[in-house]
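Each chain, written out:
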Amino acid sequence: MTISLRNLVKRFPDGTVAIKGIDLDVREGEFLTLLGPSGCGKTTTLRLVAGLEEADEGSIHIDGRDVTEVDPGDRNVAMVFQSYALYPHMTVLQNMTLSLRVAGLQKSVADAKASATAKSLGIEHLLHKKPSKLSGGERQRVALGRAMIRSPICYLMDEPLSNLDLKLREQMRTEIKRLHQKHRVATIYVTHDQTEALVLSDRIAVMNKGNILQVADPVTIYERPATTFVADFVGSPSINFFKGEMQGAAAVVGGHVIGEVCASGRGAVTLGVRPEDIMLGPLGSGIFDGAVAFVEVYGSEVVAFVEPKGSRDLLARREFVAAALNIHQPIAAGEEVGVRFRNNRICVFDAADGTALAPR
Amino acid sequence: MKRRAIGSELLKLLAVTVVVIWLMPVVWVMLTSIKPTTLINEAQPTFFFFTPTADHYAEVFTRFGFAQVIINSLVAVGASTLIVMVLAFPAAYAVSRMGLLSGDFWALFVLSLRFMPGVVVVLPYFKMANYFGIIDTQLVLVIVYVAFGLPFAVWIIRGFLLDLPREVEEAGRLDGLGWLQIIFRLVLPMAAPGLAVTAIFTFVFSWNEYLFALFLTYQKATTIPVALQKTIDVYNVLWGSLSAGAVIQLLPMIAVVFFLQKHIARGLALGAVK
Numbered sequence: 079m080t081i082s083l084r085n086l087v088k089r090f091p092d093g094t095v096a097i098k099g100i101d102l103d104v105r106e107g108e109f110l111t112l113l114g115p116s117g118c119g120k121t122t123t124l125r126l127v128a129g130l131e132e133a134d135e136g137s138i139h140i141d142g143r144d145v146t147e148v149d150p151g152d153r154n155v156a157m158v159f160q161s162y163a164l165y166p167h168m169t170v171l172q173n174m175t176l177s178l179r180v181a182g183l184q185k186s187v188a189d190a191k192a193s194a195t196a197k198s199l200g201i202e203h204l205l206h207k208k209p210s211k212l213s214g215g216e217r218q219r220v221a222l223g224r225a226m227i228r229s230p231i232c233y234l235m236d237e238p239l240s241n242l243d244l245k246l247r248e249q250m251r252t253e254i255k256r257l258h259q260k261h262r263v264a265t266i267y268v269t270h271d272q273t274e275a276l277v278l279s280d281r282i283a284v285m286n287k288g289n290i291l292q293v294a295d296p297v298t299i300y301e302r303p304a305t306t307f308v309a310d311f312v313g314s315p316s317i318n319f320f321k322g323e324m325q326g327a328a329a330v331v332g333g334h335v336i337g338e339v340c341a342s343g344r345g346a347v348t349l350g351v352r353p354e355d356i357m358l359g360p361l362g363s364g365i366f367d368g369a370v371a372f373v374e375v376y377g378s379e380v381v382a383f384v385e386p387k388g389s390r391d392l393l394a395r396r397e398f399v400a401a402a403l404n405i406h407q408p409i410a411a412g413e414e415v416g417v418r419f420r421n422n423r424i425c426v427f428d429a430a431d432g433t434a435l436a437p438r
Numbered sequence: 050m051k052r053r054a055i056g057s058e059l060l061k062l063l064a065v066t067v068v069v070i071w072l073m074p075v076v077w078v079m080l081t082s083i084k085p086t087t088l089i090n091e092a093q094p095t096f097f098f099f100t101p102t103a104d105h106y107a108e109v110f111t112r113f114g115f116a117q118v119i120i121n122s123l124v125a126v127g128a129s130t131l132i133v134m135v136l137a138f139p140a141a142y143a144v145s146r147m148g149l150l151s152g153d154f155w156a157l158f159v160l161s162l163r164f165m166p167g168v169v170v171v172l173p174y175f176k177m178a179n180y181f182g183i184i185d186t187q188l189v190l191v192i193v194y195v196a197f198g199l200p201f202a203v204w205i206i207r208g209f210l211l212d213l214p215r216e217v218e219e220a221g222r223l224d225g226l227g228w229l230q231i232i233f234r235l236v237l238p239m240a241a242p243g244l245a246v247t248a249i250f251t252f253v254f255s256w257n258e259y260l261f262a263l264f265l266t267y268q269k270a271t272t273i274p275v276a277l278q279k280t281i282d283v284y285n286v287l288w289g290s291l292s293a294g295a296v297i298q299l300l301p302m303i304a305v306v307f308f309l310q311k312h313i314a315r316g317l318a319l320g321a322v323k
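The listed protein sequences derive, respectively, from chains A and B.
Take the first sequence: its letters are residues 79 to 438, numbered as in my numbering.
Take the second sequence: its letters are residues 50 to 323, numbered as in my numbering.
The hints are simulated quantities; they were obtained by calculation from the structure and are not laboratory data.
It is possible that part of the hints are untrue.
No more than 25 Å apart at the CA atoms, straight line, and that leaves these computed lysine-lysine pairs for PhoX-like [what the hints assert, rightly or not]:
hint, chain 1, residue 1, chain 2, residue 2
1, A, K208, B, K311
2, B, K311, A, K211
3, A, K185, A, K211
4, A, K255, A, K191
5, A, K185, A, K208
6, A, K207, B, K311
7, A, K245, A, K255
8, A, K245, A, K321
9, A, K191, A, K208
Using the sequences and the accompanying hints, generate a full structural model.
In structure tokens form, the structure reads like this:
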């Protein structure tokens with residue numbers, strides 16, 4: 079294990095408990111993402127690992143060493159900040175070599191290392207410029223370079239792409255992925271962008287209100303979310319929730335038995351169905367009928383938002399059922415359709431506490 | 050487009066007008082300082098066409114001892130500014146970063162010390178200075194100027210420091226810098242424009258200070274503003290000497306602003322008004 083957090087608690091002076099006793103392990107060479115909405119405690123967790131915040135309870139081990147009380151500079155971790163936090167009065171070269179120089183490395187050795195690192199990031203021509211002369215993407219690369227040059231035990235990245243425009247963000251995302259594949263250094267990556275999390279991570283830890291709700295690989299997070307919160311937070315367009323009931327292995331929605339699903343139990347449940355697992359057919363062909371209220375084009379797919387006819391209260395959270403269709407499948411607003419589910423892909427949650435029922 | 054161009058021309062005209070109005074007395078003083086006394090005292094003022102003279106400058110040095118007076122001013126104001134800056138920067142850092150008396154209440158409380166009218170405290174200061182036997186010394190002026198300059202300097206620097214991104218200091222911690230290294234290698238260079246502005250403000254306030262210098266010094270340690278007053282006696286006003294002295298007082302400030310105007314503009318823009 080590269081990083082182990084045990085029963086970590088962080089309280090802020092105003093009394094709010096930002097982190098409520100979390101346990102987390104980051105494996106060797108793993109890319110783990112902390113994903114969650116603003117204020118869920120993901121950045122605080124990262125800062126605790128970095129040593130920029132002090133834990134109130136619990137322990138942090140990095141590479142087997144208890145670093146709970148250790149200064150940030152002695153933890154051998156490198157951080158990439160959201161704002162990049164480059165030293166504005168220093169050149170790129172000085173920015174990158176500062177940590178090496180502080181550690182007592184000779185200038186010539188440090189400079190050579192900086193040149194090599196800069197070359198691998200394609201920023202060797204910027205070495206003698208100051209950060210104010212660089213574009214957002216270039217600053218981002220310098221920030222990465224400053225982290226990489228130290229060969230740390232792990233990287234901590236706090237929403238490093240959120241200040242970039244969309245195209246550049248995608249480009250840098252690929253770059254980060256490539257660098258991680260190449261060097262395989264354990265990385266904790268904080269983001270609220272689920273696409274980033276799904277694309278980059280070996281595993282994702284979804285957080286909310288200071289707790290970790292689920293830690294799993296991206297496919298599991300997407301396909302078998304542990305709670306309705308995880309199901310709702312991950313995936314775009316969002317998952318559809320239906321009020322339902324379990325009768326053994328069969329689920330019932332709005333009085334219609336939809337057949338066997340992959341969990342069993344009794345009583346009220348919430349059924350989560352991803353938009354791509356909703357199928358639209360002719361009127362009367364599905365579990366219920368509805369009318370397409372509007373259509374959104376996403377590129378390779380279109381999403382039809384269907385308003386159910388009659389029994390409106392079968393939807394648990396939203397007004398419309400979102401159905402993702404192939405771009406070539408003709409659909410238009412006003413069309414009347416029958417709605418069906420891919421039963422084997424339905425997620426079943428306890429209606430009361432929102433936790434997933436155990437699969438059958 | 051056209052309307053905007055006209056607007057900008059009008060703005061320029063307004064700026065020039067303000068500058069002219071503002072500069073006129075200054076230019077007048079400068080001209081008077083090199084004008085023969087006979088012309089100064091004439092009812093019909095002469096502005097530009099006269100033979101300049103250095104008599105008044107010679108006079109302020111020979112008759113009013115300006116060599117010593119300038120040294121007094123430079124020592125008292127320079128030393129107090131230096132002390133203020135050396136004390137204010139760490140104090141402001143503690144206030145803005147280490148959670149020490151960090152609330153806005155304390156910031157305003159500190160600032161309010163600067164609002165205190167000098168007249169209120171000049172007598173107690175006099176009595177204390179007298180008790181310690183430091184009347185008419187540069188030391189007493191340094192103490193008073195530090196006491197008055199420090200709260201204001203702490204308050205301004207605090208504003209600058211609050212505007213600096215904390216992440217940079219955190220990046221420094223992760224890079225292995227100790228807190229003294231963070232202050233000297235990261236914070237100090239980043240805050241430099243703000244510190245320059247603060248130093249200039251502090252210097253100017255003390256340089257122009259009149260009340261305390263008048264009460265607490267009378268001969269050996271008098272500063273320029275007090276010495277200027279000696280050109281006015283019961284019988285007449287020596288306008289030429291007064292103007293020459295005033296120009297001498299103006300020079301360092303013009304020099305400072307001239308050489309540091311880039312920093313001043315940057316420093317002001319950085320959020321001194323926050």
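TODO: Please write out, lowest number first, the hints stated earlier that are contradicted by the structure.
DONE: Violated: hint 8 alone.
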